[in-house]
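So the sequences go chain by chain: R and Y.
This note's numbering applies: residue 119 is where the first sequence begins, and numbers increase by one.
This note's numbering applies: residue 895 is where the second sequence begins, and numbers increase by one.
Selected chain R positions facing chain Y (in silico; Cβ < 7 Å):
1. L153
2. S167
3. Q401
4. V422
5. Y434
6. A467
7. L470
To list a few chain Y residues with every Cβ distance to chain R over 12 Å, as calculated:
8. Q926
9. S949
10. Q959
11. L992
Taking beta-carbon pairs under 8 Å as the criterion, some of the chain Y residues facing chain R (in silico):
12. P1010
13. A1014
14. R1064
15. V1071
16. V1078
17. A1087
18. G1089
19. Y1091
20. W1094
21. P1096
22. T1099
23. L1102
24. L1106
25. A1109
26. H1113
27. L1147
Calculated directly from the structure, the hints in this document are not laboratory data.
Glycine included, every Cβ here is placed at the ideal spot set by N, Cα and C.
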Amino acid sequence: MAQSLDHAGAATWRPQPLDWAAAAWRHLSSVTTFLWLAGLLLALCVAGSLVPQGLDPELLAGRLGPFWSGLARHTGVSNLFRAPWFHGLLAAIGLNVAACSVRRIRSIGARPGVFLCHLSVLLILGGALARLMAGESGILQLEAGYGSEAFQAGPGLYRPLPFQVRLDSFQVEYWRPPSHNIRLVLPLFGMDEVRTVRVGETLRLGDAQAALQVLAYYPNFYLSDKGPATRDQNPRNPALELAYSRGGGAGRKFWAFARFPDPHQGFEDGRVLYQYDPGTIRQFKSEVTILERGREALRRAIRVNHPLSYKGHTLYQYGYEPGDSGRATLLVKRDPGIPAVYLGFGLLAIGLAWNLVGRGGAFSLS
Amino acid sequence: MTPNLSFALLLGGMGAFATGRILGPGKDLPWQKTGALLTGLAWAALTACLILRWSRFGHAPMSNQYESMLLLTWCFLGLLLLFGHHFPVGNPGIWTSLAALFLLGTASLLDRSVRPLMPALQSNWLILHVLVCMAAYACFFLSFLAAAACLLPAASPAKSEATLDAFAYRTVSLGFVLLTLGIVFGAVWANEAWGTYWSWDPKETWSLITWLAYAVALHLRRARGWRGRRFAVANAASFGCVAFTYFGVNYLLAGLHAYV
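Let the hints inform the model, and build the full structure from the sequences given.
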């Protein structure tokens, strides 16, 4: 501070720029600032976890009601984690951590674990910033036998790949495959049992006195102008066309719908309830070939937890079209911040362990 | 094999601790030793249960809430065996046995059925991530019990408050390291499975909230000298975040991470 005399001759202190800078530095590098920033981040995370994120205003209003959804939108909580000011808060925490470390650098010898922890936090935040600024993400929808040199990064937005990806084949592996289960209730034959059936199969019932034929399967049934049809192979509205006959007579056709079980649906001797079991999926496997200038560079199977990394891009198994084994969707990611983040993870583990067993730690070995 | 044997042994252990408490100092030692022995046998029985479940169903018993609660109880009992004799309040066995019985009892209310692992869970990271997180939660639970004893006047005579506080701080410190490792393992796994190490889903967000809460508590202790009851309050509040992360998120908040 600089001293001067006022009009009455009394000494006054006028703050100088350096004083402001020193005060700002003290605040920036104080633990109290960290506690306030961490508390604010904590409270915002609680709010962000309770409010559905990124929903359209109408959907949000439907979930929370008009008042709370309006409040969430106006305060920015409804899209908190993508908000620039939220990223600014994370940056402020990074600055605070850095400043705290610089201010206390002389004690690094006494508490190296603490500095390592702080450095690791900075690396992780820096890696996240690199992802935000320079990362790429998108999807590749491929059909078996076809390839692509670009991925879709957004609606109508395509980004090139430095190579071509061709889908050779796509498979869904099952723990238990999909099946059609029919519950047959036939008092005439004293039957009430569930059978697993296949299309084209004929069930002999009541000591072969009667028969139930499974004529056809429609995965996504609808009534077209030309009669019963299926929109696609996705089992959204599974239906079976069945025929029941007794005593060798002509079969009577009828329908059974998995999503609309009708206990009265049936025929003169009983009724049928149809349950479609989609099975239990074990794994998705996309066999892909990476091509560069038309030449095969790599062949690999991509599965969940087994992505493929090539030239800075990583391809993940992302989606598929149920009922259509010829299509697969891959997720494409490029994250230049990963090395910094992973280094930060490693240093954080070392730093915390050092804190724990080092001098003054809770389990100090010295 | 169900954990019923472990439950019965813990019940017996609690009975032994209670008998020792009733008989008072001088006559309680054999009962305390019996209680500790039964607690150790309960841990061994639970170990066998987990191993049998693993070998029978072909994957680590960590894929749903029931299995994770068994694992949590296993970690809690293991910690008790390692550090329980340092618990400074005389004869804590009643309360720690009760806590373990509470965990096992809650687990028994959950769905025990085993389903084949979905594609996202087919990874060795499942074992690392879940095991370390459950170990962290067990540390925090034990620390919470110490904090509760510190805050309850009848349970903590003045001379033991300092040692209770030290015990709580040590277990929180260990838990914090384990929680950090658990979050790191989870992030690496998420990057392998879903292409992003952090997606702000409710489970991840609440793990961060828990981590921040304990980071604040530890900074308040180290930098602001919070000890005794003040640290116990911070500890207990942070444990509330653990409880919500473990239970609340699964049942109240939907997300990619909810395995119930």
